[in-house]
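Engineer: Residue numbers (the working numbering), protein chains in the order written: chain A, 1 to 114; chain B, 1 to 113.
Worth flagging that the hints you see were computed from the coordinates, not collected in a lab. Glycine included, every Cβ here is placed at the ideal spot set by N, Cα and C. Hints may be right or wrong, so weigh each one.
Said to hold, decoys possible - Which chain A residues stay away from chain B? Per the calculated CB distances, all over 10 Å, these:
| # | residue |
| --- | --- |
| 1 | 18 |
| 2 | 71 |
| 3 | 107 |
Claimed, not checked - So the derived label-pair ranges between C-beta atoms look like this:
| # | chain 1 | residue 1 | chain 2 | residue 2 | range |
| --- | --- | --- | --- | --- | --- |
| 4 | A | 62 | B | 83 | 38 to 48 Å |
| 5 | A | 17 | B | 28 | 40 to 50 Å |
| 6 | B | 26 | A | 27 | 30 to 40 Å |
| 7 | B | 18 | A | 65 | 41 to 51 Å |
| 8 | B | 27 | A | 54 | 22 to 32 Å |
Residues per chain are reported as follows:
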Amino acid sequence: DVKVTQSSRYLVKRTGEKVFLECVQDMDHENMFWYRQDPGLGLRLIYFSYDVKMKEKGDIPEGYSVSREKKERFSLILESASTNQTSMYLCASSPYRGRETEAFFGQGTRLTVV
Amino acid sequence: AQKVTQAQTEISVVEKEDVTLDCVYETRDTTYYLFWYKQPPSGELVFLIRRNSFDEQNEISGRYSWNFQKSTSSFNFTITASQVVDSAVYFCALSEWDNDMRFGAGTRLTVKP
């Protein structure tokens, strides 16, 4: 079975902290994605990566960075967490570059910044 | 500009009713893909169906069916004889480019016993 695992289901962090959200996939997929999900806004793409050490900005990259040092791991970094980054974060992967490929999602990390 | 519009924020039905979830998309491309995903209370999105822009055939899978109409830029999803287990948030998504999947805001479906 395809598996995308996010390191935490729930996180509570303080304003100004540096926050790392980790995601691991075991399917040897080329592409990995980070989305945030907010009520009424659906899923919005933060960053994606189509190869190790490669990254592309999505629609809302401000305040975030990413790291992909190994194919199976894609990290989302909040450089200085703010309360408006309180959200559900979803990691996904897909096998290869191509608009036809469906994404496989992790279970999500609900981050609260206080 | 919103690429995918799911105008229905929440729908509530009673078990065994049929329900249709609407999805309208916007694109200038001739080649694109549309998707539906289900997000149950556990949180993990589950892929349901993919349709490419050249295939307007409707699809049926058990109690689920999808109606793709390019003329109205719509890709609607119907659940027949709904069940409590169908309660979830459903997302429609559009992929125009490699690695570029854009989601709608989602429709929360509640099926009451």
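Engineer: So, for every hint listed, does it hold in this structure?
Structural biologist: Verification of the supplied hints:
1. 18: Nearest chain B Cβ is 25 Å from residue 18/A, so the label holds.
2. 71: holds, 15 Å
3. 107: violated, 5 Å
4. 62/A x 83/B: 38 to 48 Å: Holds, since residue 62/A and residue 83/B (Cβ atoms, about 42 Å apart) stay within the stated range.
5. 17/A x 28/B: 40 to 50 Å: At 42 Å between Cβs, range holds.
6. 26/B x 27/A: 30 to 40 Å: holds, 31 Å
7. 18/B x 65/A: 41 to 51 Å: Because 46 Å falls inside the window, the suggested range holds.
8. 27/B x 54/A: 22 to 32 Å: Given about 25 Å between the Cβ atoms, the range holds.
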